[in-house]
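This is what each chain is made of:
Protein chains: 2
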Amino acid sequence: MSEKVTEAVILAAGWGRRMGKRGPKPLLRVAGREILYRTFSSLRAEGIERFVLVVHPDHRADFEGFLKAHGLDARFVNNPEPERGNGYSLHLARDEVSGPFVLVMGDHIYGERFVERALRGEGLAVDPAPRYIDRDEATKVRLRDGRVTEIGKAIPNPDAYDTGFFVLEPSIFEVTEALAREKWGFELAEVVERAGLPAYPVPEEFWLDVDTPQDLRRARALLVAQAVKGAGDGIVSRLVNRRISTRISRLLVDRLTPWQATWTTAAVGLLAAGLNFVSPVAGAVLYQVSSILDGVDGEIARAALRTSALGGWVDSVLDRYVDVTYLLTLAVTSRLPEGLWPVVALALLGSVLVSYSTERYKAAFGRDIYREIPLMRFLPGKRDERIFLTMILVLMGLVPELFWTLAVITHLRVLVTLLLGARGETA
Amino acid sequence: MSEKVTEAVILAAGWGRRMGKRGPKPLLRVAGREILYRTFSSLRAEGIERFVLVVHPDHRADFEGFLKAHGLDARFVNNPEPERGNGYSLHLARDEVSGPFVLVMGDHIYGERFVERALRGEGLAVDPAPRYIDRDEATKVRLRDGRVTEIGKAIPNPDAYDTGFFVLEPSIFEVTEALAREKWGFELAEVVERAGLPAYPVPEEFWLDVDTPQDLRRARALLVAQAVKGAGDGIVSRLVNRRISTRISRLLVDRLTPWQATWTTAAVGLLAAGLNFVSPVAGAVLYQVSSILDGVDGEIARAALRTSALGGWVDSVLDRYVDVTYLLTLAVTSRLPEGLWPVVALALLGSVLVSYSTERYKAAFGRDIYREIPLMRFLPGKRDERIFLTMILVLMGLVPELFWTLAVITHLRVLVTLLLGARGETA
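Which chain is which? The protein sequence lines are A and B, in order. Position one of the first sequence corresponds to residue 1 (this note's numbering), numbered consecutively onward. Position one of the second sequence corresponds to residue 1 (this note's numbering), numbered consecutively onward.
These are computed hints drawn from the structure, not numbers from a lab. The C-beta atom is built at its ideal place from N, Cα and C for all residues, glycine as well. You may find that some hints are simply not true.
[To be verified] Label pairs and their calculated CB-CB ranges:
no., chain 1, residue 1, chain 2, residue 2, range
1, B, G339, A, W404, 19 to 27 Å
2, B, R217, A, E116, 42 to 50 Å
3, A, E116, B, A129, 35 to 43 Å
4, A, F378, B, G232, 30 to 38 Å
5, B, V332, A, F277, 25 to 33 Å
6, B, R247, A, G424, 29 to 37 Å
7, A, R94, B, K4, 54 to 62 Å
8, B, L239, A, G424, 51 to 59 Å
9, A, V240, B, F206, 57 to 65 Å
10, B, E83, A, G424, 47 to 55 Å
Same shape as in the complex, but just chain A (with noise of 0.2 Å):
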């Protein structure tokens, strides 16, 4: 498609009944966050400057309180009939777009990723393996010379799976008008066949419909197994910590914000630094407790659109305070030789600059170290592989060794940082 496309037409004017009483589809909240702000916000990203939402009238009052809550705007059509089928509430909207237009199904979520190269294609977007939905209920199309010449829930063998996203002609209301002449009411897939739609495929990206409450547990999950950032996760965050948080995280997405899980991971952190007056072996594992917790205020930020630098900048000095506090109190209530404090010093400072190193940079480049030297990934001494062992070390005992441990690991990880950085800048 030469001419850039602006315009989108968002079909939402289904009942959604499988879900239950819940309103219409497009504004139940998925991981923190509705259908339909997901599809307006990846479509702005992409370039998409005007939205016609096709409605139910007895929800366009919800869909209004939606828009003015979000900050957002969108023209309006009203199908009292959502029953005479999809294709006839397309055909509705056919004096509200001006040029070549996106139409996606309301109640489909898409990732940002999808609706970058979706924006690309011309007629509808197919999938050839999709990965996210349940394929027995899928729409499923028959291509040739890639056009659509067959598409229905029950071909056998089909070529590839309908995605709800069009890129479209207004010429395509030539196509609805004929149909609206021959009958009452008609699919979308009539549309397409009767049309000779170019169908493009898009493999392998995130792209999902919500018609049970099934869908919607398995939509939440899969949103917060995507909200995973990892460039700086160790070893012990990918195989132990991301497993547990990922699971909290998906309890919480729909309950909890960003901030209070950051303060809530905090308190915990501080919580076991106290803790190490009373207990050391408990303040230890209550210690690994908030590490684990530490990947939730990101996850749910990601995953309900949510991040925000302010938050980001808050949770990593908070992290550093965490630390600090419980190295401190852990070497106050272990009545350490004398001669181990500056040992102690050493270590303490080790874990803030090991962070101080990586986000310096940051500062400095503009760019991510872990995204620019893969190298740094595999460089032992990350934050969650520190307090595993932390965790082990005081379990068994040897607290002195904890500290000499994590002063020779941490320095020497800020010395590699440092060399690989400047052989990176250098090269």
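Given the structure of chain A, go ahead and fit chain B onto it with the hints provided.
Below, chain B alone, put in the same frame as chain A:
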């Protein structure tokens, strides 16, 4: 000028006799960089892509070597008779420009903001009150209705001063053509008067010309003075350190690279830490010396247009290590009571976390917190202030009090930084 200016003619055929036998003036290094490099750099930053250099054939090899060494490109115009005047030099470039162009003198140094503003005008850029040149020696202009009516060195009570920076149309060559027919040689002043060239003011920006060895020294001092960054400077830096460091930078800017200055400063800081084992008083004084030297690498780098993100990053991590090592050796050699060690650890950590909190802000927001939240500049506890306080309290023998003070002010500062940052972000 509606059309975008993308060409520049640089007059570099003069001999610069008053400078002694140092080769052509535009290739003189001032504060670590050739004058011509500065001109290329600031013009390229403003979108100039094609350069014409008018040079004496005897110097052409020098200029070619300079361009090659810096990966720059220019077309050459030979002027074997510079004694025919700089108006004639301009005339020789007539076949090499195709649209509106910048004309600059090869022995003038212009600040980046000067070039940015001067490029928006049309005709001759003039300065109503130049601050950095010898006004007696300068070329003056008299103006009427925005045009030059008189130009020369001997004009009493001039309206403004000739900056040697022009934005011209190719039609100027009709004027030089006429003059070339009339006389053997002519100056730019004659071209300006004959053309009745428009003049536009570019006041209060940095520019100067280099005629004598004294000019060279003054230019170097001014470039170093302008290279003080200062956003994160505390009161000790402003009142003491910068006054000394700029003098050192002036001496060293033509002799030392920023990297050499960075490593030397770090070595002096670590030497101060080592001195604690011999004499804490000497160590404290040398620590303050290293704090003064800490300004030199940045000043040299900015004055010589040699800043690098890598340099800033490494310098910043080294600073943290110098602080940590100094305070740690001070604590060890002062034989503090054991109960004070947690305070020592907090003081050390605080000194790192002050920097961590502001650098992590930049990593998160991509902006400098000192620019974003001006109140931050008045918050005490910056590195220069902590080091000065350290020296004073060590000289007074108050080491335990020093660690208490550092522990309290650094962590208070981090707390206030977080509060100000959060308020600025949510306001």
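Evaluated hints:
| no. | hint | verdict |
| --- | --- | --- |
| 1 | B:G339 to A:W404: 19 to 27 Å | 22 Å, holds |
| 2 | B:R217 to A:E116: 42 to 50 Å | 57 Å, violated |
| 3 | A:E116 to B:A129: 35 to 43 Å | 55 Å, violated |
| 4 | A:F378 to B:G232: 30 to 38 Å | 34 Å, holds |
| 5 | B:V332 to A:F277: 25 to 33 Å | 27 Å, holds |
| 6 | B:R247 to A:G424: 29 to 37 Å | 36 Å, holds |
| 7 | A:R94 to B:K4: 54 to 62 Å | 44 Å, violated |
| 8 | B:L239 to A:G424: 51 to 59 Å | 39 Å, violated |
| 9 | A:V240 to B:F206: 57 to 65 Å | 58 Å, holds |
| 10 | B:E83 to A:G424: 47 to 55 Å | 53 Å, holds |
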